[in-house]
Amino acid sequence: MDDAPILSARDLGHAYGSIVALHGVEFTLPAGRIGLVGANGAGKTTLIKILLGILRPTAGSATVLGFDATKNMLDVRSRIGYMPESDCLPGDVTASEFVIYSAGLAGLPPNAARQRASDVLTLVGLNEERFRRLGGFSTGMKQRTKLAQAIVHDPELVFLDEPTAGLDPEGREEMLNLISRLGGFGINVLVSSHVLGDIERTCDWVLMLDGGRVLRSGPLSHLVDADVVEVKVVGDPTSLIERLRDAGAHVETTGTRLYVAASTDPFVLVRDALAETGTGMWSMGPKATTLEDVFLEGSGS
Amino acid sequence: MSDRGVVFDLGYTPHEGERRGRRGAILTTYRDGLYRVFGIRRKARKKIFPWLLVVFAVLPAVVFVGFAFLLSTFAPEADSPFGGHAEYFGITGGVVLLFVALAAPELLIPDRREGVLAVYSSRPLRPDDYVGIRAASLLTVIAGFMLIPQVLMYIGFAALSSEGFFQALGTNFDEIPKILGAAAVYALAFAPIGLLISTIASRKAAATGIFLGVMLVGTALAAALVEATGVPGHRYAALLGIAEHPTQVSDWIFGRVGSSDLIVANNGFDPWISLVVILLVAGVSSAVVVWRYRRMM
Amino acid sequence: MTTNPALVESPTVEVDDVSKWFGQKVAVSNVSCSFGPGVTGLLGPNGAGKTTTLRMLTGLIRPSQGAIRVLGVWPRTSPSVYASVGLVPEEAAVYPAMTAREYVRYAATLSGVDDAAEATDRAIDTVALDDAADRKLSGYSKGMRQRAKVAAALVSDPQMLFLDEPLNGTDPVQRLHLINLFRRLGDEGRTIIVSSHILDEVDRMSDRVIAIVDGRLAAAGDVAAIRGAMSDIPYRVRVETDRERILAARLLEEALVHGVSVDDGVLHVETDDLAALGRRVPAVARDVGARITSFRPEDASLESVFRYLVRKR
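Chains as they are written, first to last, in numbering that gives the first Met the number 0: chain A, 0 to 300; chain B, 0 to 296; chain C, 0 to 312.
Since the hints were made in silico from the structure, they are not lab data. Source: prediction; values computed, not measured. Ideal Cβ placement from N, Cα and C applies to all residues, glycine included. It cannot be assumed that every hint is accurate.
[Stated by the list, open to error] A few chain B positions that, by computed beta-carbon distances, are all more than 10 angstroms from chain A:
(1) VAL6
(2) GLY89
(3) ILE90
(4) ARG202
(5) THR228
(6) ASP269
[To be verified] Not the full set, but computed from the structure, chain A residues with beta-carbon under 7 angstroms of chain B:
(7) PRO83
(8) CYS87
(9) ASP91
(10) LEU104
(11) GLY106
(12) PRO108
(13) ASP153
[As the list claims (entries may be wrong)] Facing chain A, from chain B, some residues (calculated, C-beta under 7 angstroms):
(14) GLU17
(15) ARG18
(16) ALA24
(17) THR27
(18) VAL118
Required output: the full structure, derived from the provided sequences and hints.
Written out as structure tokens, the structure is:
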């Protein structure tokens with residue numbers, strides 16, 4: 000994967016009649032794993048449809064892997080995969096048949112289609128089940144099949160829309176692991192999800208939409224504030240707080256969590272204060288703003 | 000590094016091979032359409048009707064030729080009671096009608112209802128491609144239904160002809176454009192309407208029912224309304240007999256105008272009007288189908 | 000006196016040695032637990048008995064053996080109990096032609112609520128659907144439909160609320176709102192049973208969890224206690240520090256440390272006693288002059304606990 004941006008938009012807008020779904024959307028997204036988050040109605044679905052070429056934007060433009068999403072739709076569609084949120088599997092064929100068909104639809108010759116379908120079905124964890132009809136599949140199996148058809152043709156970029164929907168914890172775990180691995184396979188990923196924890200776990204970059212506009216676009220690592228230490232203690236924090244304040248630190252508390260800032264190194268301060276007071280810590284680390292914090296703060300709720 | 004052992008990474012391997020792009024996608028979809036209407040690679044019960052219709056379409060041709068052979072052997076002077084190419088279109092026309100009633104829904108509705116269109120939208124196909132390819136699959140099969148028996152008869156009669164095989168082929172050569180023309184007319188009369196109904200209806204059974212209904216009711220309405228002498232313009236009700244128009248044009252092509260008892264003909268509408276109606280309906284239906292699918296893909 | 004963590008002191012819902020089989024298949028096997036005021040999470044892999052248990056709790060199906068009691072009676076034989084129960088099932092269809100207000104009002108009428116109009120307004124307000132309440136449900140997003148369902152369940156002011164995947168389809172803002180709502184309702188003393196697959200959220204909503212795996216009660220109680228009860232699985236803690244190897248060596252001298260490993264500059268410590276480790280590490284780090292920038296248990300969360308429960312089969 001090279002460093003050219005994989006997705007970009009310039010003054011992108013779209014209106015359904017009088018309803019404005021997107022307005023003045025600008026972004027440049029680097030290669031890697033990107034999370035797309037936003038409230039319902041924030042424009043995520045509209046954006047994905049524009050990038051896939053299903054919708055023609057009423058204003059502005061967008062590019063996918065360097066190609067204009069509207070004018071060069073065929074070039075875009077030749078290089079991408081899509082795992083829709085909704086059902087997209089026919090009930091009367093087997094998983095194996097359908098994934099082979101999907102590969103053929105992507106232009107793979109029959110032998111390659113068969114081989115890759117087989118490999119990808121193994122990768123997503125469908126073994127003997129692949130020879131059963133899709134109509135009888137559980138949600139977890141359907142999600143895996145949907146992912147299989149999205150990557151069977153080795154796309155450069157794959158769009159995943161709510162990939163963990165309906166999966167039980169084990170299934171979610173496996174799906175998130177698979178998604179994390181896609182980067183290593185040379186496949187860029189755009190994950191749209193309501194479960195912010197999933198995004199935090201799998202993505203390097205996040206694009207946040209709110210009310211049809213871009214709220215934020217940036218690397219997830221920037222959400223860490225290295226000047227403030229967050230400490231969660233076991234038991235009574237009173238002596239610890241006193242000790243820290245005596246040492247000149249600024250301490251805020253919410254429940255069992257302490258936030259410590261100081262003009263000298265707060266990490267060392269906290270360590271020493273803990274040691275001296277004999278207070279036990281449960282966890283400690285730089286104050287992390289979760290995606291949720293950013294999201295709520297930005298969308299003004 | 001050891002010479003004695005090696006471990007292969009069985010993880011993901013990229014695809015460096017051939018990619019056939021839009022062409023590959025089109026052929027794959029086209030082939031799928033053909034398989035679908037014949038129930039190939041599907042449950043057995045989906046094969047019953049289509050193949051039954053194939054038998055109905057082809058068997059008479061075999062019977063015609065067979066009978067002609069018997070006649071030529073045992074009663075060379077007698078005329079065959081069966082007709083030739085023109086009459087046969089009456090039979091295959093009916094078969095094609097039934098076939099479109101079943102096949103058009105099968106081609107369009109499941110993909111739409113099950114959401115599979117989303118998969119097509121992420122493949123190298125233009126927005127209009129999908130529905131165009133489905134139409135092509137349908138037309139291919141219609142062509143097969145119409146033309147295969149005709150070819151069988153053409154060759155069969157030529158083989159039995161007193162002129163000798165190759166001579167007969169040449170003599171009757173001018174039948175070929177007529178055959179092709181008539182087949183095209185029937186295809187245009189039925190396929191676009193079938194596809195339109197299957198674009199709007201959301202269940203296969205409903206689409207089949209509505210299509211057959213439109214065809215049958217149309218003719219019945221035509222028959223009834225033309226008799227309503229009190230209503231001005233009642234004569235034009237004859238045009239509602241959609242199923243009849245291709246027959247009138249087919250007769251016209253084969254130079255047998257008036258040989259079928261058709262409401263539309265009986266009310267003073269010339270064959271070219273039927274042709275215009277067919278083309279108009281085909282045009283409007285196709286435009287609506289394309290327009291609706293363009294918004295979905 | 001030992002108390003069974005699967006049981007609560009003043010139960011409102013009791014599951015008494017319940018089993019359920021469908022022909023040959025045993026879906027639920029000898030489960031005994033109870034629920035009381037507050038929020039309890041009901042967890043389990045798909046197809047492993049959790050949904051069946053929930054359906055028995057709501058009276059939709061009958062146990063093959065054992066008894067279910069809601070406020071002392073089995074719901075199916077005493078339908079009046081339903082007045083106290085609000086259910087938000089996963090698949091419930093909503094009437095698309097109705098507006099949210101009409102739908103909730105309908106539910107109010109069905110439950111025989113006294114002042115239906117006022118109750119409807121209150122319920123709609125509680126789930127913050129005021130703005131959209133008069134639009135048809137067919138135009139709603141999934142998240143809004145979920146909220147409408149919750150409002151319909153709340154309109155009769157039920158003492159108990161059974162929720163099956165209530166956050167399904169809701170966006171992050173709606174999720175947080177609903178999580179806070181359920182917590183609040185639980186704090187008010189209602190018995191709230193939430194079944195969900197997104198464990199992080201269950202953790203935030205609930206005080207205790209009941210886990211059903213392979214048809215059996217696999218774990219019960221609060222998360223930290225359940226993790227503590229897994230004595231055969233040591234805790235793994237992740238430590239980021241500038242002197243990881245020196246710290247590693249020194250920590251290994253402590254009896255409570257089972258093992259250490261260093262991977263890519265990050266130190267992982269294994270111990271049976273998480274609390275004790277949290278007390279020792281600052282002192283040891285200070286002694287060797289190691290600056291600790293991160294100290295986090297890797298497998299003490301509900302997610303990890305659940306993973307261990309499922310893997311134990």
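Evaluation of the provided hints:
1. With a least CB separation of 17 angstroms from chain A, VAL6/B remains clear of the 10 angstroms interface cut-off, as annotated.
2. Every Cβ of chain A is farther than 10 angstroms from the Cβ of GLY89/B; the closest lies at roughly 35 angstroms, confirming the non-interface assignment.
3. At roughly 32 angstroms, the least C-beta separation between ILE90/B and chain A is larger than 10 angstroms, which holds for a residue marked as non-interface.
4. Every Cβ of chain A is farther than 10 angstroms from the Cβ of ARG202/B; the closest lies at roughly 14 angstroms, confirming the non-interface assignment.
5. With a least CB separation of 49 angstroms from chain A, THR228/B remains clear of the 10 angstroms interface cut-off, as annotated.
6. Against chain A, the non-interface label of ASP269/B holds: every CB pair exceeds 10 angstroms, the least being about 45 angstroms.
7. The interface hint given for PRO83/A is met, as the beta carbon of that residue sits about 4 angstroms from the closest beta carbon of chain B, less than 7 angstroms.
8. The interface hint given for CYS87/A holds, since its Cβ lies 4 angstroms from the closest Cβ of chain B, which is under the 7 angstroms cut-off.
9. For ASP91/A, the suggested interface contact is upheld, since its CB lies about 6 angstroms from the closest CB of chain B, less than 7 angstroms.
10. For LEU104/A, the interface hint holds, since its Cβ comes within 7 angstroms of a Cβ in chain B; the closest pair sits about 4 angstroms apart.
11. Satisfaction of the interface hint for GLY106/A is found here, the shortest Cβ-Cβ separation to chain B being roughly 3 angstroms, below the 7 angstroms cut-off.
12. For PRO108/A, the suggested interface contact is upheld, since its CB lies about 5 angstroms from the closest CB of chain B, less than 7 angstroms.
13. For ASP153/A, the interface hint holds, since its Cβ comes within 7 angstroms of a Cβ in chain B; the closest pair sits about 4 angstroms apart.
14. With a least beta-carbon distance of about 5 angstroms to chain A, the hint placing GLU17/B at the interface is held under the 7 angstroms criterion.
15. For ARG18/B, the interface hint holds, since its Cβ comes within 7 angstroms of a Cβ in chain A; the closest pair sits about 5 angstroms apart.
16. With a least beta-carbon distance of about 5 angstroms to chain A, the hint placing ALA24/B at the interface is held under the 7 angstroms criterion.
17. Because the smallest distance between the Cβ of THR27/B and any Cβ of chain A comes to about 4 angstroms, under 7 angstroms, the interface hint for this residue holds.
18. Taking 7 angstroms as the C-beta cut-off, the interface hint given for VAL118/B holds, the closest approach to chain A being about 5 angstroms.
In the structure shown, no violation is registered for any of the earlier numbered hints.
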